[in-house]
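Trainee: Top line first, the protein sequences correspond to chains B and S.
Heads up: the first sequence at position 109 corresponds to 109 in the working numbering, and the numbers run straight through without jumps.
Heads up: the second sequence at position 268 corresponds to 268 in the working numbering, and the numbers run straight through without jumps.
A portion of the hints provided could be inaccurate.
[As the list claims (entries may be wrong)] Capping the alpha-carbon separation at 30 Å, the derived lysine-lysine pairs in DSS-like fashion look like this: (1) Lys59(S) x Lys38(B); (2) Lys38(B) x Lys63(S); (3) Lys10(S) x Lys334(S).
Don't read these hints as lab results, they were simulated from the structure.
In this text the structure is predicted, and so the values were computed from the model without any measurement.
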Amino acid sequence: MPDGYLPIFLFLIVSILFPTVTLLAVRVIRPSQPGVVKQEAYECGIPAESTARGRYSVRFYIVAILFVIFDVETIFLYPWAVRYRQLGWFGVAEMGVFLAILVLGYVWAYRRGALKWV
Amino acid sequence: MNYFLLTLIKAGLIAFVLVTVLAYLVWVERKVLAHIQLRVGPNRVGPHGLLQPLSDLVKLLFKEGFIPSHVNLFFYLLAPFMAVALSLGSIAVIPLGPQIDVFGIKTNLGLADVNIGILFMLGLGSLGVYGVALAGWASNNKYALIGGLRSAAQMISYELPLALAIVAPLLMFNTLSFREVVDAQGGYLFGFIPQWAIFQLPVPQLISFIIFLIAAFAETNRIPFDLPEAENELVAGFHTEYSSMLFAAFFTAEYGHITTACMVASVLFLGGWQPLWPAAYGSDFFPVVAHWFFAAICFWHARQPARSYDRYTMPILGIILFGAGGLFLVPFLKPILVPLFWFLSKVAFLIFTFVWVRGTLPRFRYDQLMRFTWTFLFPVALVNLLITGLLVALTTK
Numbered sequence: 001m002p003d004g005y006l007p008i009f010l011f012l013i014v015s016i017l018f019p020t021v022t023l024l025a026v027r028v029i030r031p032s033q034p035g036v037v038k039q040e041a042y043e044c045g046i047p048a049e050s051t052a053r054g055r056y057s058v059r060f061y062i063v064a065i066l067f068v069i070f071d072v073e074t075i076f077l078y079p080w081a082v083r084y085r086q087l088g089w090f091g092v093a094e095m096g097v098f099l100a101i102l103v104l105g106y107v108w109a110y111r112r113g114a115l116k117w118v
Numbered sequence: 001m002n003y004f005l006l007t008l009i010k011a012g013l014i015a016f017v018l019v020t021v022l023a024y025l026v027w028v029e030r031k032v033l034a035h036i037q038l039r040v041g042p043n044r045v046g047p048h049g050l051l052q053p054l055s056d057l058v059k060l061l062f063k064e065g066f067i068p069s070h071v072n073l074f075f076y077l078l079a080p081f082m083a084v085a086l087s088l089g090s091i092a093v094i095p096l097g098p099q100i101d102v103f104g105i106k107t108n109l110g111l112a113d114v115n116i117g118i119l120f121m122l123g124l125g126s127l128g129v130y131g132v133a134l135a136g137w138a139s140n141n142k143y144a145l146i147g148g149l150r151s152a153a154q155m156i157s158y159e160l161p162l163a164l165a166i167v168a169p170l171l172m173f174n175t176l177s178f179r180e181v182v183d184a185q186g187g188y189l190f191g192f193i194p195q196w197a198i199f200q201l202p203v204p205q206l207i208s209f210i211i212f213l214i215a216a217f218a219e220t221n222r223i224p225f226d227l228p229e230a231e232n233e234l235v236a237g238f239h240t241e242y243s244s245m246l247f248a249a250f251f252t253a254e255y256g257h258i259t260t261a262c263m264v265a266s267v268l269f270l271g272g273w274q275p276l277w278p279a280a281y282g283s284d285f286f287p288v289v290a291h292w293f294f295a296a297i298c299f300w301h302a303r304q305p306a307r308s309y310d311r312y313t314m315p316i317l318g319i320i321l322f323g324a325g326g327l328f329l330v331p332f333l334k335p336i337l338v339p340l341f342w343f344l345s346k347v348a349f350l351i352f353t354f355v356w357v358r359g360t361l362p363r364f365r366y367d368q369l370m371r372f373t374w375t376f377l378f379p380v381a382l383v384n385l386l387i388t389g390l391l392v393a394l395t396t397k
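Sequences are here, hints too, so could you generate the full structure?
Mentor: Below is the structure:
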């Protein structure tokens, strides 16, 4: 079975080699004149007040947590979908319970305002 | 060894064709957008601007690629490579056509044929967020950081409806292999309606298809969801600090993502290489007729040239199209080219839709974007999944 995955690795190697080779090859021909001003962070030409290593909105953190919860639950649906016709009504009932718990968590997150951005 | 060699040839060929096509997608996008906005678009480099991608490439190669002094060097350099490799890598599992027979060698059109292709594609697609998020963080620039964060939050949020939209057709096909999904969409209802997922009984997957397309727009950071690179607020978003070939790498990755999304959409929902109507009614000859029709248009334009050089360019284009149409009649090439034609024309139509939408819709505001997926798209995808599940269970003996 690893045979089936060989082409993927070959293709990944080809697609990594392609930018690497072009990057290394053009080093020879392209100009390089670094300067202090040129290498500053781009901020409309005004000297930067602070670096970008500051604080940012906690909203992004909540979205990431919600994503982890719901995405793992989504992945559980895939094996279920593949065996759906063999499982019959047992599969329907099982996944009904599973999705009910998922929806309950979703409603709770919605009521607590986790999905409101502003 | 023979298998290894064959795979190497196929990988090289697909990578070469893909990179060329991605370069020309930029031209197609600029040209279509221009015509939507009643402009002409690129027309200086070569006839109809056809050499524009080449000149862009040469320009990017010869530009100075300086590295800003304030970046985290390792991640700054890693990010574009990750973006390119992950966006091109998922194309490896998508089949392009049925099994073919070339000089006695039986091989599949397409690179790898793994039995969990759909999961593999989803996995690589989720990893794609790393390229963007790392680029934004490592650039150590406020615009880049905000762009990268927005992009990460948006891509993971839209991945939920995307994954749920894919599960619904899988309930009918009961497989995770792209090739088996396409095989399950063969045949015709009443002899003429194709059994594609969007038409197939018991549950036509039209809603899944639309959800998938909307989520794909967001996953690829395209208008109306291009908040990560909203020019008027964030300069260029996560790739503000990148120049020269590193910048080109992000562009390649973006167009690679679009191509992958369109290929997956046409395999899962539009029947892959299954033709629109049965071969009994002459669907095998449609490619020939289509090519010759456009060749005839070219010859007609050559007789009445709108521009002086049309007298020379149009006949050449016409002859090329005429010859390309004739290739579909060669018995040896027919089983390879006809499925490829149907598959690629579906992909091309979807890519055209991407550009069309870009020329039509304005950009969302960020809170609207997040509200749209979490409070509308996700519940709709869930309800759609439940309805599909119930109807499939009711019709299964």
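Trainee: Look at each hint and say if it fits the structure.
Mentor: Against the structure, the hints come out as follows:
1. Distance restraint check for Lys59(S) and Lys38(B): the Cα-Cα separation of roughly 20 Å lies within the 30 Å cut-off, and the hinted pair is therefore satisfied.
2. A C-alpha spacing of about 14 Å is found between Lys38(B) and Lys63(S), which places the hinted pair at or below 30 Å, so the restraint holds.
3. For the hint pairing Lys10(S) with Lys334(S), the CA-to-CA distance comes to about 19 Å; that is within 30 Å, so the pair holds.
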